[in-house]
Amino acid sequence: MSPEIVILLAVVVVAAVAAHIRASLALLAVPVAVMLYYAYAAVSAPLVSLASLFAALTVAFILDFTGRSSVLRGLEFPLAAALPAALGMAVYASGVPLLFAILVLATLVTYGLVAMRGSPSNIEASVKYIVFSGSGKALAIAGAGLAAAGSPTLGGVLIVVGFALELGVFPFHGWVPDAFTVGDTRGLAILASLGKFVAILVLIKLLLALGLGGSEMAALFIALGVLGSIYGGVAGLTTRSVGKILAYSSIAHTAYSFMAIGIGLLRNDLLPLAMAVALYEMLATAVAKYGLFSSIENADMSLGSLSVSRLGRVGASILVLSLLGLPPLVGFFPKLFLILLAMWAGLPWLAILVVLTSAVAAIYYIRLLTSLLNAEVRDSWGDVGASLTSALTLALGIGFPMVLSILSLVV
Amino acid sequence: MIEALLILSPVLFSAIGVPLRERAKAVVTTLGTLVSALLATLIFMSGQEYVLEYPWIRGLGLSLSIHVTGISKVMGLLVSWLVFLIAVYSIRYMQGDYRPGWYWFMFGFFATSMLIIVYASNLWFLLVGWEGVGLASWALVGHWYRDERDKWVGDERHVMGTKYWWTPSRAGLRAILTVRIGDAFFIIALAYTFSSLGTLDIFGLRGAEWSALSGWALPLLFLFMIMGPLTKSAQFPFHEWLLTAMTGPTSVSALIHAATMVKAGIYVLIIISPIMLGALSVAPTVLTVFYLLLVLGIITAVMTTVMALASGEFKLVLANSTAANLGLMTASVGASGVLYQLTGNYGAAAFPIAAALAHIIGHAVSKASLFMGFGAVIHEAGTRFIYDVSGLYKYMRVTAIAMFLAMFSLMGIPPFLGFFTKEMALASIGIGVAIYSAVLLSFLTPIYGLRLLGLTFLGETRTHVHEAPPLMWAPYMALALAGIPLGLMWPVGGEKAVEETVAQYLRSAEVYVSKVAMYIPLLFLVLGVALGAYLYVIRHGVELVGGWRTLWRVAYDRFYLPVLYDRIIGGGFAAISRALYVAVDVKVLDAFYHRLLPSAFGYLSALFRAMQLGRVNLYIIYIMLGIIMTGIIILLI
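Going line by line, the protein sequences match chains U and G.
Note that our numbering has the first sequence beginning at 787, numbered continuously upward.
Note that our numbering has the second sequence beginning at 23, numbered continuously upward.
Calculated from the structure, these hints are not laboratory results.
Computed from a prediction, not measured in an experiment: that's the story for all the values here.
Each hint should be verified, as a subset may be incorrect.
Okay, the calculated bits of chain G under chain U, using three or more residues with CB under 8 Å as the criterion [said to hold, decoys possible]: (1) 623 to 635; (2) 644 to 651.
Residues from chain U that keep clear of chain G, each with C-beta distances beyond 12 Å, as calculated [to be verified]: (3) 803; (4) 903; (5) 925; (6) 1146; (7) 1156.
Partner residues aside, some chain U positions facing chain G, computed with beta carbon under 7 Å [as the list claims (entries may be wrong)]: (8) 932; (9) 1005; (10) 1017; (11) 1021; (12) 1023; (13) 1027; (14) 1137; (15) 1185; (16) 1187.
Ideal Cβ placement from N, Cα and C applies to all residues, glycine included.
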């Protein structure tokens, strides 16, 4: 175990203990500890900008959790802090068992956060997620074992199905639209952003660590991507609740990410770029989903009855435009590179499909945008997430060459 | 540098004038045209011939290149001085107009565009000016955008369901639409020429490898190329726009629609004639293009001359006469190829082209003067109809004298300049049966000329009018008087100079011409003058009866061509586009994109969402199906 991880775990433990003594103590202790850790990571590791990004995210999480009603009695702070920590570990980790451990840590945290308010609907969302994600992890671990034991095809299929359950890829998506409407919005913000990003990062690292690939796996990924992008694009068209729209959007974006992974497995020469694009796609949707979920009070809100803060409205609108894929926001570039990858890999129909499904999905994004612009303005909580992430969408979009090169370093 | 200033100074000065007051705009723009006229004179006097070239877009063969050759020097001198004189006239004529900024800027813009055409030696660059004059023509024809009744052309009646009057806006649209048709063909021809021959330099194209274009591609290419000049110079069947373009201010009619822009078409024909003759020498099929020019020119000349006999408006008579003379010039250029083919002698082709160039000068001088003079008449008498005035000589002596002098030149009476240039043009087309048209034109031209003069200035005085102010009459008097010394100089050295200029441009050793045919037209000119004088000077008009009246009606209604253009083509186009809109846009595209597609996606979306019932056991079924699907994919790949 590397010294970074030891230090990191120590930080989390200290934060948890502090939170147990007094919630406000954690509020102070966690950001300071996490930032110290990342300051160390920044000087010792090559991925300096990524490390500072995690630090910023952590602080945003912590600040965003203040003043929320919670049954976790202060435990939500270390939980929230643990997720960027898990991500940090996932970036540096390489062994298969450690990767699974990180995945477990990341999901465990979100189970709790989704049910943060303790209402029956919160619990339902959490349970549905636990069922799918738990069985998914079981399948994935079994698959990894099989693959390591010399049965790569079956193992690969199990890993794909397992992660499809974990990430909510059509037709293994069942929990996503349900959980996204009844969970606590802060928990969902984290689940839809870092939860999924960590999962896809772990998936990519697993595939590479186990040496899985070939046309069969590629076909599987691309097929799931095609189905998911169509489903996500079309199903959201008639839905009227914000949570559902974000759920279908999430399904579609994960599908695009799967397409990129598939192209990477198909063409070895495109592999580093394809994996970076897959991560970039998830990063784009993660940033937008975090901001959007944290700017609304209740995920079940219908489009007509939205109420957002003044600043949150601006931020959220920018985020929707990013999801729509408007340059120079971050949502544009992964899709652009995905189309380019499809062309380079000799799959023009896939590029056309990406364009068409994006065009179809644009309709519900625009519907969300108009309802945000017409939304009732309320006083100011919820600004932090939306405004920070909207700034981030611009930065990650404009700096796309840097982001892509960092993400390919991660892989 | 001097060349750039010569071309650009009108538009630059008029741009400076944009923020100034009305009077200052007029003076500044006029000053700009004077600068350009003086520079053109300087270049004319310098006696050097050269080509300047600044590459612009190499990939398209576009370079800002200008040629200072005999031909462009003569044309530049003519254009720049006419622009200046008409600018002087406009200062007073346009005083108190409600749109001075538009007028003066477009005036300067026109002058610069026209000078680009004159000096450009790269056809792409020429196109810049070509499109510029078209735009300026549209802008100035529709200058009086309020469409006042006294600015119309035609009288308020319907003929065969077609509105037979044209407002400035409608006339402007008519002008630009007609010219754009030719422009489109012209651009295609240029693009095709460049893509197959690799150059658009007017000198470089002379020795082009025409064999690269096989069979009928070559005549078709030239046909497309002459479509530009044919529409710009208002040749049948594209002459209608010129007649309705008379809705513009008279100064504009004088400058653009008599002296310069419409001549640009002929000028382009002249400068590309060595290229076409070069092609003709290797491909006899190109002769059809020359024949086409000859035939269309003669048809235009005869048709518009007949219409000029019947027109009821001052400016319409002059516009018809302009089209007739343009027809004569077009026919001359056409004759050059025919003569070349008949004689097999390159020198024989030079004379008709020289005739066209000479007649550009001869006609421009007299017609600009006539337009300005009758503009003053319209201005003072307050009507655009000939029959509303009579005996104006009593009040407008200076104008009347100037108009008589200019009209004599236009009719081709010796010793005015018009006589000599017209004689050259008539001699050029005096080949074969075309001689009859030359005879007819000689006979009819003095009749409409004397008709216009007689009905306007002679006879009983009915209304009291004022003489035009000196700032207005000075330019047209100057041009009218210029016809005499220029005419006297012509036999001494003028004709020879023009012929040598053209011969030099064609790089032909000498000019061959037979002048036998000329005397017959001359005889008919005398007859025409006699008949015209009897009808309109002695008798002051005639009452038409029977078949003559029918003929007059047909000519007065312009051979019913407006019905074809405005109702059948224009209305038909509108009807077709409306039908297409309903059939394709509404019934197919709107139905598909706005009804079928949304409802299909709505249905599909509802179907997908129906899968989402919130029951986990249902989701397990989906998972099972998903696993089966993955199995199938793995087995298939």
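We went through each hint and held it up to the structure:
Given a C-beta distance limit of less than 8 Å, the hint that chain U covers the stretch 623 to 635 of chain G holds, as 8 residues qualify and 3 suffice. Under the rule that three or more residues need a Cβ within less than 8 Å of chain U, the assignment of the stretch 644 to 651 of chain G holds, with 6 such residues. Distance check for residue 803 of chain U against chain G: the nearest CB is about 37 Å away, which clears 12 Å, and the non-interface claim stands. Once the 12 Å rule is applied to beta carbons, residue 903 of chain U is consistent with being away from chain G; the minimum gap is 19 Å.
Consistency note on residue 925 of chain U: stated as away from chain G, yet its beta-carbon is not over 12 Å from all of that chain's, at 9 Å minimum. Non-interface call for residue 1146 of chain U relative to chain G: violated, since the shortest CB-CB distance, roughly 7 Å, does not exceed 12 Å. Non-interface status of residue 1156 of chain U relative to chain G is upheld: no Cβ of that chain comes within 12 Å, the nearest being about 16 Å off. Here the hint on residue 932 of chain U is broken, as its CB sits about 14 Å from the closest CB of chain G, past 7 Å.
Contact between residue 1005 of chain U and chain G, as hinted, is supported at the beta carbon level, the nearest pair being about 5 Å apart and thus within 7 Å. Look at residue 1017 of chain U: its Cβ gets to within about 6 Å of chain G, closer than 7 Å, so that hint holds up. Interface hint at residue 1021 of chain U: satisfied, since its Cβ lies 4 Å from the closest Cβ of chain G, which is below the 7 Å cut-off. For residue 1023 of chain U, the suggested interface contact is upheld, since its CB lies about 4 Å from the closest CB of chain G, less than 7 Å.
The criterion of a C-beta within 7 Å of any C-beta in chain G is not met by residue 1027 of chain U, whose closest approach is roughly 11 Å, and the hint is violated. Contact between residue 1137 of chain U and chain G, as hinted, is not supported at the beta carbon level, the nearest pair being about 21 Å apart and thus beyond 7 Å. Contact between residue 1185 of chain U and chain G, as hinted, is not supported at the beta carbon level, the nearest pair being about 35 Å apart and thus beyond 7 Å. Checking residue 1187 of chain U against chain G by beta carbon gives a least distance of about 30 Å; that is not within 7 Å, so the hint is violated.
Hint violations for this structure: numbers 5, 6, 8, 13, 14, 15 and 16, all remaining hints satisfied.
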